[in-house]
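Colleague: Chains A and B are the protein sequences, given in the same order.
Just so we're aligned, residue 0 is where the first sequence starts under numbering that gives the first Met the number 0, counting upward by one.
Just so we're aligned, residue 0 is where the second sequence starts under numbering that gives the first Met the number 0, counting upward by one.
Incorrect hints may appear among the rest.
Selected chain A positions facing chain B (in silico; Cβ < 8 Å) [what the hints assert, rightly or not]:
#, residue
1, Arg105
2, Asp162
3, Trp223
4, Lys228
5, Ala229
6, Gly363
Beyond 10 Å from chain A on every Cβ pair, some chain B residues (computed) [stated by the list, open to error]:
#, residue
7, Leu14
8, Arg15
9, Pro20
10, Thr26
11, Tyr58
12, Asp71
13, Ile75
14, Ser76
15, Lys79
16, Asp85
17, Val98
18, Glu111
19, Val118
20, Ala120
21, Lys128
22, Lys130
I should point out that these hints are in silico values taken from the structure, not numbers from a laboratory.
Treat the numbers as computed from the prediction; the structure is a model and nothing was measured.
Quick reminder that beta carbons are idealized off the backbone N, C-alpha and C, glycines included.
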Amino acid sequence: MAFDKMELRDIEVWDGNFAAAQALRQAQVDVVAAYPITPSTPIVEGYAKFKADGYVEGEFVMVESEHAAMSGCIGAAAAGGRVATATSSQGLALMVETLYQASGMRLPIVLNIVNRALAAPLNVNGDHSDMYLCRDSGWIQLNAFNAQEAYDLNFVAFKVSEDHDIRLPAIVNQDGFLTSHTAEGVKTLSDDDAYGFVGDYKPMNDMLDLDHPVTHGVQTEEDWHFEHKARQHNDLMVKVLPKIEEVFADFENLSGRKYNLVEKYDMDDADVVVVCMGSSVETAREVALEMREKGIKAGVLGLRVVRPFPFMEIAEALKDVKAIAALDRSSPNGAAGMLFNEIAGTLINIDTKALLSGYVYGLGGRDLTKAHLTDLFTELQANVDAGKLTTKQQQFIGVRGPKLSFL
Amino acid sequence: MLNKGWDEFEIGAMLRSFDGPTSNIATTLQEDRPYSQSNSFTASVADWRIEKPVFNKDYCIDCQFCWIYCPDMSIISRDKKMIGVDMDHCKGCGICVEVCPTNPKSLLMFQEKEDEETVLAAWPEKEAKEK
């Protein structure tokens, strides 16, 4: 092979960005077409440096925008290579048009989104506005709560995305700065183990198969379009979650680290549960344990997979819970939050009397503190004790000024 | 394309250019290529045209300018001899007429409805050079 292997310690001190960059190197990504944007830049910068230093054999394509970055990735994926890139926020917003192209063309691409707020006002810090922006784009969306998971989920993303039964692009989300720039201990895989897990890229209908020329990116009008979209939705609904579970099981066998479609913490006998994503899951876990010492049966449900939405798994996890808080780190701008709505959907047809309330928090990198979560669990327990919501259905956490509550 | 059923498309609506495998396609003449039904070569776009080029072989010097400049590969040339225009794919842009160097031109644009034999019979005379 024309590249050097890297000797890694069993545990390295990496931030989320470097962990993702190392995963791209170990997966031996063929093409990274990228445009820099805070806080995701170190991921593609890392790949470029590994390539310059001879640790990966591939192409780094510098482009003029994020729209061009994803377009380049689409071309490379159609040509028949392992492809990845990274972006955040405004970059993702510019990329959105091409996200739908990638998924509709059923091209496997791994996109690391380092979650960041969307302007205006301009803000480089973490929230989930960009994650929510592309939630209907037909991509698989995985969610890392820390740097370790950002590393691990990249391998899972390649393996699921490139499977010939799946052929859908995948996003790995991690929180801007809180995960991307916080150095922590990351348990590593050796280069051989990591590449062995992801495996050689297996092309499908690739444009570089010159004996079988193909056209990608075709036009289908009213005669055909609906069936294609329906097939894509069907595959997302039917095939992807079982495949992710299969790959999670393989990954556990390799690494000993177990992942689930939804991560349940202290859920077995929980009365009050916080449902959230990203680094907030870890804070909520810690507070839930403290609440239990105070006699409140608190639990946390973290979404490992955002799309396809693990509807049945969430309904099952929440069926015996008495009060639920859905935490959205993105302004719904005139509606209930996405998680509130999705969770309400999972609960509406099952036999539960759970009280559901929605909270908007952490916009633009505003901290979600343990004190906030303590108040939140206490409020949920008050709902349980009262047998009804004691608050309006939508509230804000950690915003200054008069208390905001709606619905 | 028209005969392709809604459930016959492959994943991602990817289309195959040819029926079965091909080799040396670049050196195979169009008429000998196994174009698939979904290849745009098998579809006529003649009705996109408002004006059409008419070829008059009496004045053609086989310079191949039209063949080189045509943006739709609609000039049919074999063994470096101009044969005519592929009227299924020509969109009537007129570039071939613009680049034709002969006097009078060997290609001229006419309304789509005009009769080819009539316009050939009334082809313009050689223009005198301005001094």
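Colleague: Look at each hint and say if it fits the structure.
Modeller: Verification of the hints:
1. A cut of 8 Å between beta carbons decides the hint on A/Arg105: the least distance to chain B is about 3 Å, and the hint holds.
2. Hint on A/Asp162 is violated. Least Cβ distance to chain B is approximately 12 Å, over the 8 Å limit.
3. Below 8 Å, beta-carbon pairs count as interface contacts, and A/Trp223 has one with chain B at about 5 Å; its hint therefore holds.
4. Below 8 Å, beta-carbon pairs count as interface contacts, and A/Lys228 has none with chain B, the closest being about 10 Å; its hint is therefore violated.
5. Of the supplied interface hints, the one on A/Ala229 is violated, with its beta-carbon coming no nearer than about 10 Å to a beta-carbon of chain B, more than 8 Å.
6. For the restraint placing A/Gly363 at the interface with chain B, the shortest Cβ-Cβ distance is roughly 37 Å, beyond the 8 Å limit, so the hint is violated.
7. At roughly 4 Å, the least C-beta separation between B/Leu14 and chain A is not larger than 10 Å, which violates its mark as non-interface.
8. A Cβ of chain A approaches the Cβ of B/Arg15 within 10 Å, the least distance being about 6 Å, so the stated non-interface status is violated.
9. Residue-level check failed: B/Pro20 sits 5 Å from the nearest beta carbon of chain A, not beyond 10 Å.
10. With a least beta-carbon separation of about 13 Å from chain A, B/Thr26 lies farther than 10 Å from that chain, consistent with its non-interface assignment.
11. Consistency note on B/Tyr58: stated as away from chain A, and its beta-carbon is indeed over 10 Å from all of that chain's, at 38 Å minimum.
12. Every CB of chain A is more than 10 Å from the CB of B/Asp71 (nearest about 17 Å), matching its label as outside the interface.
13. With a least beta-carbon separation of about 22 Å from chain A, B/Ile75 lies farther than 10 Å from that chain, consistent with its non-interface assignment.
14. For B/Ser76, the non-interface assignment is confirmed: its Cβ lies about 23 Å from the closest Cβ of chain A, beyond the 10 Å cut-off.
15. Every Cβ of chain A is farther than 10 Å from the Cβ of B/Lys79; the closest lies at roughly 26 Å, confirming the non-interface assignment.
16. Non-interface status of B/Asp85 relative to chain A is upheld: no Cβ of that chain comes within 10 Å, the nearest being about 20 Å off.
17. Every beta carbon of chain A lies more than 10 Å from that of B/Val98, the smallest distance being close to 29 Å; the non-interface claim holds.
18. For B/Glu111, the shortest C-beta to C-beta distance to chain A comes to about 25 Å, beyond the 10 Å cut-off, and the non-interface label holds.
19. The beta carbon of B/Val118 sits about 36 Å from the closest Cβ of chain A, which is more than 10 Å, so the claim that it is off the interface holds.
20. Once the 10 Å rule is applied to beta carbons, B/Ala120 is consistent with being away from chain A; the minimum gap is 42 Å.
21. With a closest Cβ-Cβ approach of about 48 Å to chain A, B/Lys128 is found to remain outside the 10 Å limit, as its non-interface label requires.
22. The Cβ of B/Lys130 lies farther than 10 Å from every Cβ of chain A, with a closest approach of about 53 Å, so its non-interface assignment holds.
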